[in-house]
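Colleague: Here are the chains, one letter per residue:
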Amino acid sequence: MGTTASQLDKDLLSEYQELTFLTKQEILLAHKRFSELLSKDERNFENTRVSMERILTLPELKSNPFRERICHVFSTSDQKNGSLTFEDFLDLLSAFSDSATLEIKSHYAFRIFDFDDDGTLDCGDLEKLVNCLTGETDDTRLTTDEMRQLINNILEESDIDKDGTVNLSEFQHVISRSPDFVSSFKIVL
Amino acid sequence: DDEVFSSNEGHERERHRGRRRDGDGEKKKRKKRRRKEAHRAEEGEDEVQTRHERREREKRKRAKNDLETKGREREEEEEQVQTGSGKVAKTKKNTKNEKTRRRAEEGEVEVEERIEKRKKKHGSDNKDEEVRPERLTPEELEKLKEAVDERKKLIQSLRGKPWPMKKKLVTLRESQEFVEKYEGALGKGKGRKLYAYKVMMTKKCMKFQRDFENFKTACIPWEMKIKEIESHFGSSVASYFIFLRWMYGINMILFGLTFGLVMVPEALMGRPYGSMPRKTVPRGEETSAMDFAVLWDFGGYAQYSVLFYGFYNNQRAIGWLKFRMPLSYFLVGVGTVAYSYMVVIRTMARNANESGVGDDNSFNFSWKMFTSWDYLIGNPETADNKFASITTSFKEAILEEQESHKDDNIHLTRFLRVLANFLVLCCLAGSGYLIYFVVRRSQKFALDGLENHTWWERNEVNMVMSLLGMFCPMLFDVISTLENYHPRVALQWQLGRIFALFLGNLYTFIIALMDEINIKREEEKIIKFNITMWEASLYNGTVSENSTAPSITINPADVPRGPCWETMVGQEFVRLIISDTMTTYITLLIGDFLRAVLVRFLNYCWCWDLEAGFPSYSEFDVSGNVLGLIFNQGMIWMGAFYAPCLPALNVLRLHVSMYLQCWAVMCCNVPQERVFKASGSNNFYMAMLLVILFLSTLPAIYTIVTIPPSFDCGPFSGKNRMFDVIHETLESDFPAWFSKVFSYASNPGLVLPFILLMVLAIYYLQSTSKSYREANVELKKKLQTVTFHLALVYFCTFEYTLNKNINATLLFLLPFFMR
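Protein sequences, first through last, are from chains A and B.
For the first sequence, position 76 (counting from the first letter as 1) is numbered 76 according to the UniProt record's numbering, and the numbering increases by one without interruption.
For the second sequence, position 321 (counting from the first letter as 1) is numbered 321 according to the UniProt record's numbering, and the numbering increases by one without interruption.
Keeping only pairs whose Cα atoms sit at most 20 Å apart, straight-line, the calculated PhoX-like set for lysine-lysine is:
id, chain 1, residue 1, chain 2, residue 2
1, A, Lys-162, B, Lys-781
2, B, Lys-782, A, Lys-162
3, A, Lys-80, B, Lys-167
4, B, Lys-167, B, Lys-153
Just so you know, these hints were derived from the structure itself, not from any lab.
These numbers come from a predicted model, not from an experiment.
All chains, please: the whole structure from these sequences, using the hints.
Modeller: Structure (structure tokens):
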């Protein structure tokens, strides 16, 4: 159950095609790019885990402000260190692919934005989200007043049950009306 | 909570896996035997199966009971701990999923149990027993079938489940095994072969579909180029190139139709060049027919070729295939329009489905938060730009929110807006008049003979139209600063005005063209008279009127020719498109490339920073380019009937544009600083395309229906109206009853009620969609009040159970009084 030296098993390939939204070429390309991240002797092992630092050298993820959250969300490691196996990598690409459904994209988007992993987006999560979006430099950050105003506006719009947090169904409701979400929530190798 | 569930499920799976590991070895053996000895092995298989299944059944039942009690406990716990109703909703949904899954499993377990019981009942003949469906009652068969179907559905839906890959793989393999095992069993008995065959065909079909999808995605051209642009510039610039590629596809199909069904048959099977007067360059023009200048203007040899309407002969059937040329010409013209309508409307419908309701302003801030980052960006410079633009947009939105509560000086703003609109109208009127004037002048020049005038005077019309197209939008931009709108609204106004400008120009051009057509038709009468005189002079005195004249061979080039307004119209459109293309490319090279080169190299020796201040690198103007593309297509649709070469020309133009613009964008442009799309949905540009399609086919249809074709050129010469060809075909080529049916169908008494019915249907559908939208708003409001009440109830229960707080319970009665 895993990848062999440099070839992907044919049965496994068809199973991956069945279970993800990727086409055969995309899976093979993903396999190639993933093997490039491994060192020569690691390639012979099955099911190798690649550390988060090496994954983040991929150009598609390098400039993304949510890169660490993405790795954490898709990682199945027990130490919660954000390392990915090839199958996790495929899960990542499948959720971000062109043909993925809105439900799966919004589900994963919610988990990515949930910085403290508690199942809801509360003020702390939203604040960290805004800071990620405005860049890490000091001159692009928002002032505390603006931040407070922004978070209030967001909660006013999205928090239907007025509990001070945005949960998954409220998030999915907001996202489903957005015309931009599906086209911007895409990563292609 | 999702993770709590998933970790529990993970434990359950591990337990199952552990127990099955001893059955694993047996499973592998079973698989091998299945492959080698299909029929005989089944009996041996079942023996092993019954033993293991009995064990597994019992263990699964035990596990299921454990899980049920645990699930129930968990539910109660959760209800107590949580106060937020949102979480309750989520666990409710999760438990519902659990329940359906458990029900599916239960169903399977039940069926398997019954099979077991049946086997046990029939005593010691266990080993020879097969799962014969005749032994099962029909309802059990139904249940088994349902279970198999549910498993199949599960397999289909696995892609869309947010589970880690390991879990999905395990579920997939389990379900596939189950389906294989019992599908075979279901197929035994009556219709076994047919069932097995059907199953095999569905599997093959699915595999074929998947391969075909893979192949189709591999065939899409320019995918790598567009991905590169996406990663550097974001998705809005890339959307222009995707639109360009889509247009290219449409034009390829139009090209295929006109080339394959009109140009090629005439070239292969029609009478060759020089055999008839209409197919030959007249004697007077022969000397200049090969000049490059004349060819560039599409005169000379280019005019008397399959590229234009005038070349085609009105012979009813040509060649050994008896190809109906005039009919084909007419139907291809109609077909291109029909195909274009179909494709545009289909794309609009698909976009409308995907993007939901569309322009909703109720989630402004949330959308900015959750959907503004473009995950395709792979370039750190672009990322920085994006950060800056997001920050700006947040700050602006916050300011706007605060300012919208203020309401200052509305009268001045209104006055300024009215003034701006008035100025714009003046501009539009001015440009329309200018074009009309220039077209009239060019007619005068044509009468004087084109050689006497300078290049500018010869190409005045096209140059003026292109220049107006370049400078008026800038003027509109300046005028719009008076109006002080929100940038998105201002962009929409700008696009609307440019649209009006182009439309006005095009229609003025067409009106001027109509004048020329009328002039040509007047000429026709004179020339007809002249031709009869000329023919009489040929037979002058050689023969009397009653006997048949001997055929005098006259070179077709010497025959006096009638005027051909259709070819003239085609030529005008081709020239317009060529000059439009040239203007676009030259503006690109000068405006973008030269500017970038200057900024880059002069920066070393200039006083101020050219890159940061004026002029800096140019941005890619998405909306301007998209509009240009749409209008270009409109001109193609207008002229394609009279110049079959237009789609071919357009395919070439789009091909070159794609490469040129991709290069120019990567080389000379910088990402936009503020990204404001004209509208959230893609349907804005599709709607414009549809309007242009409608407006451009209108003139062509008008000319086809009202103006009689020229007598001396084209496939419809000699007829009263162009569409008479349909009438003729119906009468001569189809059986008699067909034309009778057609004449009934085109009876106004039938057509008018049909139109009325369609209008009623549109009205009905419109009102239902409005009522759905209103119902949506109502439901949203209800959701808010309901969740509020629910929250209150749970809060009170919590308070009561934990603190035995009586006062709190009274609180929950409040909502009922508040109603």
